[in-house]
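Enquirer: So you can see what is in the structure, the chains are spelled out below.
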Amino acid sequence: MIEFYDVSKSYPNGTAALHGITATIPKGEFAFVVGPSGAGKSTLVRLVYRETLPTSGYVFVNGVNVSKLRPAAVPYLRRNIGVVFQDFKLLPRKTAYENVAFAMRVVGASPKEIARRVPATLELVGLVDKGEAYPAELSGGEQQRAALARAIVNHPLVLLADEPTGNLDPATSWEIVQLLLEINRRGTTVLMATHAKAIVDAARRRVITLDHGRLVRDRQRGDYSQ
Amino acid sequence: MIEFYDVSKSYPNGTAALHGITATIPKGEFAFVVGPSGAGKSTLVRLVYRETLPTSGYVFVNGVNVSKLRPAAVPYLRRNIGVVFQDFKLLPRKTAYENVAFAMRVVGASPKEIARRVPATLELVGLVDKGEAYPAELSGGEQQRAALARAIVNHPLVLLADEPTGNLDPATSWEIVQLLLEINRRGTTVLMATHAKAIVDAARRRVITLDHGRLVRDRQRGDYSQ
Amino acid sequence: MGVRMILGEALVSVRRNALMSLASTTTVAVSLFILAVFLLAAVNVDHMVKTIEGELEVRLYLSAGLDEAALEDLRALVEALEGVTEVIYVSKEEALATLRQQLGPRADLLEGIDEMNPLRDSFRVFTQGPAWIEHVAAAAAGLGGVEDVGYQRELIQRLLPLTSAIHFGGLVLVGLMVIATLFVISNTVRLTILARSEEISIMKLVGATDWFIRWPLLLEGMLLGLLGAAIAAIGAWQAYAWAVNGVYRAVSFIPVVPVLPLAWRLGLLLCGLGAVIGGLGSVLSLRRFLRT
Amino acid sequence: MGVRMILGEALVSVRRNALMSLASTTTVAVSLFILAVFLLAAVNVDHMVKTIEGELEVRLYLSAGLDEAALEDLRALVEALEGVTEVIYVSKEEALATLRQQLGPRADLLEGIDEMNPLRDSFRVFTQGPAWIEHVAAAAAGLGGVEDVGYQRELIQRLLPLTSAIHFGGLVLVGLMVIATLFVISNTVRLTILARSEEISIMKLVGATDWFIRWPLLLEGMLLGLLGAAIAAIGAWQAYAWAVNGVYRAVSFIPVVPVLPLAWRLGLLLCGLGAVIGGLGSVLSLRRFLRT
Ligand SMILES: Nc1ncnc2c1ncn2[C@@H]1O[C@H](COP(=O)(O)OP(=O)(O)OP(=O)(O)O)[C@@H](O)[C@H]1O
Ligand SMILES: Nc1ncnc2c1ncn2[C@@H]1O[C@H](COP(=O)(O)OP(=O)(O)OP(=O)(O)O)[C@@H](O)[C@H]1O
Ligand SMILES: [Mg+2]
Ligand SMILES: [Mg+2]
Numbered sequence: 000m001i002e003f004y005d006v007s008k009s010y011p012n013g014t015a016a017l018h019g020i021t022a023t024i025p026k027g028e029f030a031f032v033v034g035p036s037g038a039g040k041s042t043l044v045r046l047v048y049r050e051t052l053p054t055s056g057y058v059f060v061n062g063v064n065v066s067k068l069r070p071a072a073v074p075y076l077r078r079n080i081g082v083v084f085q086d087f088k089l090l091p092r093k094t095a096y097e098n099v100a101f102a103m104r105v106v107g108a109s110p111k112e113i114a115r116r117v118p119a120t121l122e123l124v125g126l127v128d129k130g131e132a133y134p135a136e137l138s139g140g141e142q143q144r145a146a147l148a149r150a151i152v153n154h155p156l157v158l159l160a161d162e163p164t165g166n167l168d169p170a171t172s173w174e175i176v177q178l179l180l181e182i183n184r185r186g187t188t189v190l191m192a193t194h195a196k197a198i199v200d201a202a203r204r205r206v207i208t209l210d211h212g213r214l215v216r217d218r219q220r221g222d223y224s225q
Numbered sequence: 000m001i002e003f004y005d006v007s008k009s010y011p012n013g014t015a016a017l018h019g020i021t022a023t024i025p026k027g028e029f030a031f032v033v034g035p036s037g038a039g040k041s042t043l044v045r046l047v048y049r050e051t052l053p054t055s056g057y058v059f060v061n062g063v064n065v066s067k068l069r070p071a072a073v074p075y076l077r078r079n080i081g082v083v084f085q086d087f088k089l090l091p092r093k094t095a096y097e098n099v100a101f102a103m104r105v106v107g108a109s110p111k112e113i114a115r116r117v118p119a120t121l122e123l124v125g126l127v128d129k130g131e132a133y134p135a136e137l138s139g140g141e142q143q144r145a146a147l148a149r150a151i152v153n154h155p156l157v158l159l160a161d162e163p164t165g166n167l168d169p170a171t172s173w174e175i176v177q178l179l180l181e182i183n184r185r186g187t188t189v190l191m192a193t194h195a196k197a198i199v200d201a202a203r204r205r206v207i208t209l210d211h212g213r214l215v216r217d218r219q220r221g222d223y224s225q
Numbered sequence: 000m001g002v003r004m005i006l007g008e009a010l011v012s013v014r015r016n017a018l019m020s021l022a023s024t025t026t027v028a029v030s031l032f033i034l035a036v037f038l039l040a041a042v043n044v045d046h047m048v049k050t051i052e053g054e055l056e057v058r059l060y061l062s063a064g065l066d067e068a069a070l071e072d073l074r075a076l077v078e079a080l081e082g083v084t085e086v087i088y089v090s091k092e093e094a095l096a097t098l099r100q101q102l103g104p105r106a107d108l109l110e111g112i113d114e115m116n117p118l119r120d121s122f123r124v125f126t127q128g129p130a131w132i133e134h135v136a137a138a139a140a141g142l143g144g145v146e147d148v149g150y151q152r153e154l155i156q157r158l159l160p161l162t163s164a165i166h167f168g169g170l171v172l173v174g175l176m177v178i179a180t181l182f183v184i185s186n187t188v189r190l191t192i193l194a195r196s197e198e199i200s201i202m203k204l205v206g207a208t209d210w211f212i213r214w215p216l217l218l219e220g221m222l223l224g225l226l227g228a229a230i231a232a233i234g235a236w237q238a239y240a241w242a243v244n245g246v247y248r249a250v251s252f253i254p255v256v257p258v259l260p261l262a263w264r265l266g267l268l269l270c271g272l273g274a275v276i277g278g279l280g281s282v283l284s285l286r287r288f289l290r291t
Numbered sequence: 000m001g002v003r004m005i006l007g008e009a010l011v012s013v014r015r016n017a018l019m020s021l022a023s024t025t026t027v028a029v030s031l032f033i034l035a036v037f038l039l040a041a042v043n044v045d046h047m048v049k050t051i052e053g054e055l056e057v058r059l060y061l062s063a064g065l066d067e068a069a070l071e072d073l074r075a076l077v078e079a080l081e082g083v084t085e086v087i088y089v090s091k092e093e094a095l096a097t098l099r100q101q102l103g104p105r106a107d108l109l110e111g112i113d114e115m116n117p118l119r120d121s122f123r124v125f126t127q128g129p130a131w132i133e134h135v136a137a138a139a140a141g142l143g144g145v146e147d148v149g150y151q152r153e154l155i156q157r158l159l160p161l162t163s164a165i166h167f168g169g170l171v172l173v174g175l176m177v178i179a180t181l182f183v184i185s186n187t188v189r190l191t192i193l194a195r196s197e198e199i200s201i202m203k204l205v206g207a208t209d210w211f212i213r214w215p216l217l218l219e220g221m222l223l224g225l226l227g228a229a230i231a232a233i234g235a236w237q238a239y240a241w242a243v244n245g246v247y248r249a250v251s252f253i254p255v256v257p258v259l260p261l262a263w264r265l266g267l268l269l270c271g272l273g274a275v276i277g278g279l280g281s282v283l284s285l286r287r288f289l290r291t
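Protein chains in written order, with numbering that gives the first Met the number 0: chain A, 0 to 225; chain B, 0 to 225; chain C, 0 to 291; chain D, 0 to 291.
Quick caveat, the hints were computed from the structure, so don't treat them as lab data. Just so you know, even glycine gets a beta-carbon here, dropped at the ideal spot from N, CA and C. Take the hints with a grain of salt, since some may be wrong.
[To be verified] Selected chain A positions facing chain C (Cβ under 7 Å, derived; list incomplete):
hint	residue
1	L52
2	R78
3	A102
4	A108
5	K111
6	V127
With the hints as extra help, turn the sequences into a complete structure.
Expert: What follows is the structure in structure tokens.
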């Protein structure tokens, strides 16, 4: 469960990215976050896994006030959250396989478990034959799928996907969204920032619309509609 | 004008990315390159500005065999080509303004010319108020637009846009495509790799479809159609 | 994470950062080599000073006509004095012979003196160091049978500040060198860590704890340090062996410290320093990126 | 690109890479400081050796009964010999007084010798260096009025290899230090360049020529080197002034090279080295990224 209470965020350079956002994403929900470029979608996502702290207001994840977390507790928060970063953030000196395996090693998974689950997850995103490639040797869409594999490999309680289909063709995009919906059906809360109008319109899930840092619409079975 | 003659490309790690591509994009044309993730679109684009050399076959840009270019001549080839990279490739320690200005300084533009044209170009892509921001301080879509501004600021003869709207909302995407079409109308040859079905279908321009490194379709007023 | 996993991680990282690893290892090697050369020089200067100091003596001129037993008693008393290491008896005949030799071409001065040798029997007394000489001289002056006490007062007064200056200066220099070397090494490691700030921040975002990030980098720093130190140690060993050889051939009277136990000790010291500073440099540079 | 533009670019880059710039500048400063300390030590040892060598002399013992004119002629002849720098006349009375002083407590040996002074008048001849002594001695022996020639044959035979060993060793060490310092500095600059390989490749993709990329980085390397060198020079100056002061107070008889002209020269040398190596390190490390 993710709760935002009157959250505002200004970046150190003075940019006000979010203004008084209040919203609750219940456990097990699938929600889209949409809005024009620079609306604050990525900022909202960053607040959840505490890459950044709100300037005012509170963010709770599974009942925990994220801002109040001791630094030493932050890694443990993040282990329950899978993130597909908008810019992928793959480790450049690790292969696709190693990148996914790294996320499992972080949570202390056994080598056996890793050897079993990493290939299965790469299969799921259609990257089995790219396991040995370094990020620089992957196409844009392949990198994006590797980032997705890393985000889901630990079966996180919460999955944050920031523009996870921006570099994918419509068919692959649709497959990936099906995958996310499937993961959501198994109980994971999913928050997906996206520009893919076709997908949002087809999925008929909750849509939170941001504009210039304000929450301007929040519909249960919404569509993209500008 | 861009010509591909029986071009194949295998990367050093053994991946065969392109097989026997032959195609001509006449001067002043606007062509989409579409295809599933990993089809070879980016590789095709890279061959044009010589980020990579073909394994076999020839690539001509404005009549020059790109593979035969002396290393010292490569910068001069690139100055006639604007590129929007799929991963933006903004200089991290320069602001958005400085990134765009850098492309002009490279071609030896006068400070006055730079001071005039950089703000105008940022305006064109909707980034006037983000000139002082570093890439890390920009949203995904803002970075993409900064990359576009850098690509067009020198009025290049050829514009290569690799997924230039992947991080933009539909409305902004459409504006950007209108901008590219406008630039094309003024005489620039444009080659745009994209997954944006809606845009391709609406623009009714030439569409080159790749799949697994092969050219599978090439229609003059085509659509995305899988 | 098991130790083998961390070690594997570190080794892979060294290889995949080949250029950086090479640059930093060679820097470590070169700066530790210089430190080693310097330490070897310092050890040898120290050795030389000790040798020279060991040749300083107190001369006790004895009353004429002491019998064998009195002589032995006196020798025992002198040997019992604090700071005394050795006592050698010199008869007045031996003393005259030595003087004649020292005068060299002017020995004709002593012609005809033989029969009426004006010199006295004496003890040459060696001490634990030049600082003891005045003390021993004063104590011995009070002993029965000792008529007069002589020592190179002027030489000692010149030598003592000189050797203590050499000692002090050497210590300051060695200290400077050690600090500088450690600084350069840890700074080099810091540069390789700074270059990876992006990777480190990604690891944190994926949920890695500080120690999960730190261990492999700590080990990597230690590996680079150790490798550089090993190269430096081998280089220093070879260079020192060559230099000692050269000194023996050219200026054999200069006392040098023999190569072997010294080279081993130095090698161990360097490897220890390299590993510790490499690791420490790594961990300290990481502070900036962790806990934020 | 104008010079101002490149300089501006370089300065901005130094600031935006603050952490890396700091790490590399301090490394440059520390290693050049050590080099400076070392050079200062070498210059002083050299000075000391020269001073000691300058005190070596050839003694010409003169025939008895030479008159004033003959003495002056002989002095002129000796002064004209190759390698001679100074000639001092010592009468036999002065010689006896000196000898008495040297014998110290054993001066009683000379009692009653005064009237029949067996010593001879002599010339003390100083040369340009110990290597000239044998030559001068041989040449002077053949001159009329010179009865006998004396010099510290043994001392010279010991001193010559020693000083040449010090010279040779010093040269080797200074050479080693210089090479090591240059290596460390250029390696440090290399690390900062390696960390920017991504930026450099982007610049190339945007159409920058090699020199367009090189100029600002060259200047940046020079700036870092210069800044580090300036810090090192100031530090070395202060440290040397302090050390010279200490030596004067504690062991005033040791000859030291005065601070002032030396410190200036050293500072210039360091700044030159820093700038050149910083720039060169930059340009050489760039080779790998350009022309591909
Ligand atoms: N680190 C930062 N420092 C300063 N300003 C930032 C930073 N990150 C984002 N911003 C600014 O905050 C605003 C919101 O950015 P955010 O990344 O949340 O937008 P977004 O909705 O994700 O946009 P996009 O769809 O383009 O990714 C933008 O104006 C952006 O320029
Ligand atoms: N530098 C590289 N080294 C090795 N293989 C590469 C490299 N770059 C791309 N590839 C591989 O070549 C194939 C084509 O890649 P390319 O980037 O051209 O695809 P794309 O059509 O642009 O895909 P996307 O739509 O996902 O960006 C892919 O299988 C990819 O893994
Ligand atoms: Mg975003
Ligand atoms: Mg691509």
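Enquirer: State for each hint whether it applies.
Expert: Hint check results:
With a least beta-carbon distance of about 11 Å to chain C, the hint placing L52 (chain A) at the interface is violated under the 7 Å criterion. Below 7 Å, beta-carbon pairs count as interface contacts, and R78 (chain A) has one with chain C at about 4 Å; its hint therefore holds. Because the closest C-beta pair between A102 (chain A) and chain C is about 5 Å apart, less than 7 Å, the hint holds. For A108 (chain A), the interface hint is violated, since its Cβ never comes within 7 Å of a Cβ in chain C; the closest pair sits about 11 Å apart.
Taken as an interface hint, K111 (chain A) does not check out: its beta carbon lies about 13 Å from the nearest beta carbon of chain C, beyond 7 Å. Against a cut-off of 7 Å between C-beta atoms, the interface hint on V127 (chain A) is violated, since the closest Cβ of chain C lies about 22 Å away.
The structure is inconsistent with the numbered hints 1, 4, 5 and 6, although it conforms to all the rest.
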